[in-house]
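Participant: From first to last, the protein sequence lines are chains A and B. Going by this note's numbering, the first sequence opens with residue 335, and the numbers climb by one from there. Going by this note's numbering, the second sequence opens with residue 31, and the numbers climb by one from there.
It is worth saying that the hints were derived from the structure and are not from the lab. There's no promise every hint is true.
Below, computed lysine-lysine pairings styled on DSSO-like, alpha-carbon distance capped at 27 Å [stated by the list, open to error]:
1. B/Lys184 x B/Lys52
2. A/Lys551 x A/Lys646
3. B/Lys189 x A/Lys828
4. A/Lys646 x A/Lys616
5. A/Lys352 x A/Lys483
6. B/Lys189 x A/Lys719
7. A/Lys828 x B/Lys184
8. A/Lys825 x B/Lys184
9. A/Lys825 x B/Lys189
10. B/Lys75 x A/Lys876
11. A/Lys734 x A/Lys768
12. B/Lys184 x A/Lys719
Quick caveat, the model's predicted, so the values are computed rather than measured.
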Amino acid sequence: MSIRDLLSPFTAWKYLLKNPVTIPDPLNDRPGSARYRGFHKNDNEKCIGCGTCEAICQNGAIDMLPVKGTATQEGDSGLRPRIDYGRCCWCALCVDVCMTGSLTMSNEYKWVESDPDAFRFTPGVDEKFWDNAELGYQRPEDHRLVEAKRVTMEEMDADTRINSFAEIVNGYSIEQAKLEADRCVACGICIATCPTHMAIPDYIDAVREGNYERGLKLLYETNPFSNVCGRVCTRKCESACASRHEGEPIAIRWLKRHIIDQVPFEKYREIIGEPDAPTGKKVAIIGAGPAGMTAAFDLVRMGHEVVVYEAKAAAGGMTRYGIPEYRLPYDALDRDIELIVSLGVKVHYNTRIGSDIAMAQLEQDFDAVLLAIGLQEGRQTRIPKSEHEKVYRAVDLLDKITSEEAFELPHCAVVIGGGNVAMDIARSLARMQKQQYDQVDVVVTAMEDQQHFMADADEIKEALEEGIIIRDNCGPQGCEIDESGHLIGLKTWKVLSILDENNRFAPTYDDSDETIHACDTVIEAIGQFSDTSLLGEELTEKLEWNRGRIDIDSNGRTSESWLWSAGDCVSGPDVVHAVADGHRVASSINSYISSNESSIDKQS
Amino acid sequence: MTDNTEGHISGKDKLEACSTLKEILQQATEFERTARDFYAELAPKVSKKIRYLVDELVIEEQNHYDLFIDLANDPEVAAQIKQEIITPPSNKRFSDCIQLPDLGDNPDDQTILQYALGREQAAMDQYNSLADSTPEGPLKDVFTFLAQEETEHKNELEKIYYEVVHSGGV
Chain A
335 MSIRDLLSPF TAWKYLLKNP VTIPDPLNDR PGSARYRGFH KNDNEKCIGC GTCEAICQNG
395 AIDMLPVKGT ATQEGDSGLR PRIDYGRCCW CALCVDVCMT GSLTMSNEYK WVESDPDAFR
455 FTPGVDEKFW DNAELGYQRP EDHRLVEAKR VTMEEMDADT RINSFAEIVN GYSIEQAKLE
515 ADRCVACGIC IATCPTHMAI PDYIDAVREG NYERGLKLLY ETNPFSNVCG RVCTRKCESA
575 CASRHEGEPI AIRWLKRHII DQVPFEKYRE IIGEPDAPTG KKVAIIGAGP AGMTAAFDLV
635 RMGHEVVVYE AKAAAGGMTR YGIPEYRLPY DALDRDIELI VSLGVKVHYN TRIGSDIAMA
695 QLEQDFDAVL LAIGLQEGRQ TRIPKSEHEK VYRAVDLLDK ITSEEAFELP HCAVVIGGGN
755 VAMDIARSLA RMQKQQYDQV DVVVTAMEDQ QHFMADADEI KEALEEGIII RDNCGPQGCE
815 IDESGHLIGL KTWKVLSILD ENNRFAPTYD DSDETIHACD TVIEAIGQFS DTSLLGEELT
875 EKLEWNRGRI DIDSNGRTSE SWLWSAGDCV SGPDVVHAVA DGHRVASSIN SYISSNESSI
935 DKQS
Chain B
31 MTDNTEGHIS GKDKLEACST LKEILQQATE FERTARDFYA ELAPKVSKKI RYLVDELVIE
91 EQNHYDLFID LANDPEVAAQ IKQEIITPPS NKRFSDCIQL PDLGDNPDDQ TILQYALGRE
151 QAAMDQYNSL ADSTPEGPLK DVFTFLAQEE TEHKNELEKI YYEVVHSGGV
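Only chain A is shown next, with the shape it has when bound in the complex (with noise of 0.2 Å):
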């Protein structure tokens, strides 16, 4: 090496105070064409953190990072593109995929920085001078990379299911099930939406590839009530997937029930696994609903001995008992029942905790408890003459119904509220009476508006379909009865707003637009709460409570040490939830039971 070759590097100082070579717009005033796909813009507000761009983009250009002021929330990942201009090829594809259509390109080509990290930018957050530039490449509206419209479920038309309980929907075909799989962009968006975490874009994935054995398997990690939620549940996932931006959402509910409708019953077992070798630990579970039975597969499988109480004669709770078999059919729930039965977990029927079995006896008789009664009680209006023998609450009935128990079915009936319930029962009752009066005469009343029912618009929309009338803006004021004493209908008024300006309860009437529904049977259908009279006076006083619900911490213990609350009872109704809470106990149980800490309670 000679003594040039050690001092040239330095020669590079005399260019420090020279000018830059490079120089800002050399070309003067040559803008890009209209559809030029120039420097990118990123609409903050639209763009959702799907990741799609980052996913497609071939030169890997696109990074998905967390940026300050922009909170992750449900249907938001909180992230957003940073793009790399030293890997860009200006190929447009992450703009023709983007799911929200906010990613988009100015016309501007022309940028000069010193500094070349400058060209690892964030759009829509790293202010730019062509932020506001109205030229540039969007996607052309007739260019999708993905089906905005979801494929059609069939399902029967309103005057063949009106005349029985046969379940509505058909399910997919294989060929149809792979036309949606294709639409989902795996984005995973949906995944932290769902309570139970389900791995949503490995099964979709799964049915894309026709592996149904492992998209059971996937199903299986995290929800044991596939059968269930793949019939009825509620979703939240599709209403954070990113297809709804600019489509539909992935039909992921019906994907879900693909997969269980593929794979035989007798193979669940094999795929799913054996339970872990016995620990000696044994766990009580009060009620056999999805809660319930969910904590029991997950601490059977853990290789705890798990008894479960039933007070009814069948599992499932108000999956049994309050959903109607045209949405859930009873075979359906039964596999998921017989499953998690197969896997060890012993379940008494027909046993009531409280009268049969004291509580403090499986304190006493086991290393932890879990409470997971559920919302079995309906609540009622107590509007002036509702104690009359004809007004019923919902959840007794459909139970009756679900039990084959003998009642006086109406020729017409009034249902107060604007829920699920009240459609499971005014539907119920439609096809009670078109089978047996050979007409439906069943009108739903609620208070809010149609376009605010608590109900799934689907319902709505089957109800009115099957002939069930909906008057809306109805609140009830009394139950009218003739001077024989029988009930012949029900006096609402007309309801001008229901929340106040803090969205809280604060109704006001007119009562100068009263209406009577004539009917010979009203059932209400406004609420329901949980009978904790099983715990008795003495569990109840020691227990901290929470207006009403029993207290519980993050993993569902309540304040006695050997007791968790799941479920409905303690978080309100929904199957997915409920499936959720299950899952957490059962981690917490374990941690306990497999602790000395039981052990020092017992002796305690």
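Chain B: place on chain A using the hints.
Facilitator: Below, chain B alone, put in the same frame as chain A:
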């Protein structure tokens, strides 16, 4: 908690005769006191599950009671204390509320809230009527203020009622 200075004479009898601001305030104070004592006695009888409701009612009625005591001691109100006021038609219903009901051995949350709502409605109507029948001035302002207080409490109870009864909302 009991602050019974009324002896064996029923509150209702006393209320029927009232016609001055002093008597109106005494009536209102009695209304709040009986409510407070009623809820305070009810609290240990109800299930712990719903005791929060009754405890909240005790606190609210105590606040109202304190409010009336403060009003009676307010010099501006004291100056008007002998002013005659027409007893409104709502007075009967209002005074009836001093007759305490039997809610049973173990009333549920809905029963308690319905009773509390009924009381608040009666109080709201009473003060609104008094405000309507009183000429403009500080006295009218007092009744308007009281009516607003009762309205706010009733509205709050209605919201709680909805959240309790429609919990689950399915």
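Participant: Each of the hints needs a verdict: does it hold here or not?
Facilitator: Against the structure, the hints come out as follows:
| no. | hint | verdict |
| --- | --- | --- |
| 1 | B/Lys184 x B/Lys52 | 25 Å, holds |
| 2 | A/Lys551 x A/Lys646 | 30 Å, violated |
| 3 | B/Lys189 x A/Lys828 | 19 Å, holds |
| 4 | A/Lys646 x A/Lys616 | 22 Å, holds |
| 5 | A/Lys352 x A/Lys483 | 60 Å, violated |
| 6 | B/Lys189 x A/Lys719 | 23 Å, holds |
| 7 | A/Lys828 x B/Lys184 | 21 Å, holds |
| 8 | A/Lys825 x B/Lys184 | 24 Å, holds |
| 9 | A/Lys825 x B/Lys189 | 23 Å, holds |
| 10 | B/Lys75 x A/Lys876 | 15 Å, holds |
| 11 | A/Lys734 x A/Lys768 | 18 Å, holds |
| 12 | B/Lys184 x A/Lys719 | 24 Å, holds |
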